[in-house]
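Dock chain B against chain A, hints included.
Heads up: the protein sequence lines correspond to chains A and B, in order.
In case it helps, this note's numbering puts the first sequence at residues 1 to 298.
In case it helps, this note's numbering puts the second sequence at residues 1 to 379.
Derived by calculation from the structure, the hints in this document are not laboratory data.
Beta carbons: idealized from backbone N, C-alpha and C, even for Gly.
Hints are not guaranteed to be accurate.
Below, computed lysine-lysine pairings styled on DSS-like, alpha-carbon distance capped at 30 Å [unchecked claim]:
no., chain 1, residue 1, chain 2, residue 2
1, A, 230, B, 111
2, A, 250, B, 207
3, B, 378, A, 250
4, B, 110, A, 235
5, A, 235, A, 250
6, A, 22, B, 287
Not close to chain A: a few residues of chain B, all C-beta gaps over 12 Å, as computed [claimed, not checked]:
no., residue
7, 38
8, 196
9, 214
10, 217
11, 231
12, 330
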Amino acid sequence: MSIFVDENTKVVYQGLTGSQGKYYGGLNKAYGTQVVAGTNPKKAGTDVDGVPVFASVADAVRETGANASCIFIPAPGVRDAVMEAAEGGVQFIVCITEGVPAHDEAWFFNKLRRDFPDVRLLGPNCPGIISPGKCNIGITAGHIAKSAVPGAKNVGIVSRSGTLTYQALYELQAQDIGVTTCVGIGGDPVPGTSFIDCLAAFEADPETHAVMMIGEIGGSAEEEAAAFIKNSMTKPVSAYIAGQTAPAGKKMGHAGAIVSGGKGTAAAKMEALAAAGVKVGANPTEAGELMVEIVRAL
Amino acid sequence: MDLFEYQGKQLFARYDIPVSPGEAVTEVEAAVAAADRVGYPVVVKAQVQVGGRGKAGGIKLAANAEECREHASNIIGMDIKGHTVNVVWIERASDIAEEYYASFTLDRAKKLHLGMLSAQGGVEIEAVAEENPDAIAKIWIDPVDGLTEAVARAWVAAANLNPAATDGAVDILLKLYNAYVDGDGDLVEINPLILTPEGKVHALDAKVSLDNNAEFRHEWAEYAATQERDDREQAAHEADLQYVGLEGSVGIIANGAGLAMSTLDVVNQAGGSPANFLDVGGGADAKKFINALTIIDNDPRVKSILINIFGGITRGEEVANGIVAALGQIDITSPIVIRLDGTNADEGRAILEPHLSEKLQMSPTMLEAAKTAVALAKR
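Okay, chain A solo, but in the shape it has when bound (with noise of 0.2 Å):
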């Protein structure tokens, strides 16, 4: 099985009509993925490559029965299309963008939690999620990915790291090993689906055997994740943390990846995985042939 989309997962795309929005949807939809729909208020009526475009998510969730969102609006506009996406009653969104104001991402993390428990964000300023076989949204290269085979031993992906990810999904294709769902979770400071989300929903998915998890300096979202592995979690995990030698007070290119009076270094959140049965590796290669090995374990 998959977490958060499948193979009956209909996108919408918020940007649909922009460059970006039309080069990764129309990829998208190559892959396999049900593109059903854009958005844009001023060409409602037209097309994209045969998508129709509609004025707003809510007409696009009423005609087409889409029921999730992929967001390539620029970042001023984001907070406004994340609450058009839950108003409309898409049940997951899909933010690519980069470059959103913190106070936004903060803002519209709380709205949906109060307003809209039931409506799952992703991102924003990630690179999105594939079920490898069934369903890719957002910019990830869907041929590095193998698809989960059944009775096999197959793993799930959580990453802050674009292309560290698409390096892993590649080195267990390399392995042969298959991939249940790798979800982005971005590198911003108010990811709105976070590590403990993406390893929960792993553990209950009966499919993943087992868990890479890539992280960075910034923040206590790793240490978090330690505490749930070990304390609510069966499958086996290897991880990496990027960073380990980034000086402090100074963004890596992530809003979020700053270590800060002291806080979210990844010594701190390699100790804390360890800690917890987690195997870490130095770097994105070892961590990778660690994931090897649990599953040839397996």
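This is chain B only, laid out in the frame that chain A set:
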């Protein structure tokens, strides 16, 4: 983006937060003229984005023009922990009865805003948190609700400030929260927040860090222009590259923030030390590689360059063509090691192959590439 104290105070003033009258100047005689307008006694304060200014002699009280001239001439140009003082803030000295602490920032774990208030101000809040955590009254604010006066009043009561400070503190906290939210602060901090003998509460210092992602809805050009950047960080900023200057000898270019961070990690594991963090982003535009390579090669620390690319949707041959085109247009002094993997890596490597030399090497894995780059840097 971190602001200087004077910029923070000017921002506070726009949100009606009481601050002392003052002026920012860059020259000694301008300091004296400013002090005449502000009114003696004045405090001459070095403007640097580093703690411990007072201990370093960067904050001095002046009772008259002569003292102001002496202090300003000592402080302007002074080096404080590697930061040169270019600007001093001249401010009317305040009588202090009590010193408090107040701040707002985002609690990433709770995903709520965190307000901290303490009757123990004027010292490092980390030290208070360590030694006497109960002396800090914390509240968590849901951004959808905001901070109400009733909540602020209860919070001030919980912090055990002098009752004479209650009304002034409530007023300032409401305004500070507004400055934090409306101004898109990552952090707004007043330390010390003072109570004067006359019973007035006001901000004696201002520490403000702004969220760069919110720049589109603010007029921050002035702040951006005064950011403390070295030459290479300035060049990277102008080229719109995600760059952080470091002190080692291996220049780094990678696609993706996570991969760039992990490249620093493996260079260290290979016994070397990175000269920078640089995320060149997605795509394979030759122009981006030209900018990135030029900035890194102009850095005198750099002895070798490691390019670490993992192809996803951007294919290996596109990246290889971008790199080859870039190298055709610029001369790079330091030897380059390329690791190219992912989508169509073989096709990309085939494109690089005819260009390989002592100055341009290729390694199939990240670890091997890092080892080679480190060895070249040490040669």
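Hints, one by one, checked against the model:
1. 230/A - 111/B: Holds, at roughly 23 Å.
2. 250/A - 207/B: holds, 17 Å
3. 378/B - 250/A: holds, 27 Å
4. 110/B - 235/A: holds, 26 Å
5. 235/A - 250/A: violated, 35 Å
6. 22/A - 287/B: holds, 24 Å
7. 38: It holds; residue 38/B is separated from chain A by about 32 Å at its closest Cβ, greater than 12 Å.
8. 196: holds, 30 Å
9. 214: Residue 214/B is in fact no farther than 12 Å from some Cβ atom of chain A, at 4 Å.
10. 217: violated, 7 Å
11. 231: holds, 17 Å
12. 330: About 24 Å separates residue 330/B from the closest Cβ of chain A, which puts it past 12 Å; holds.
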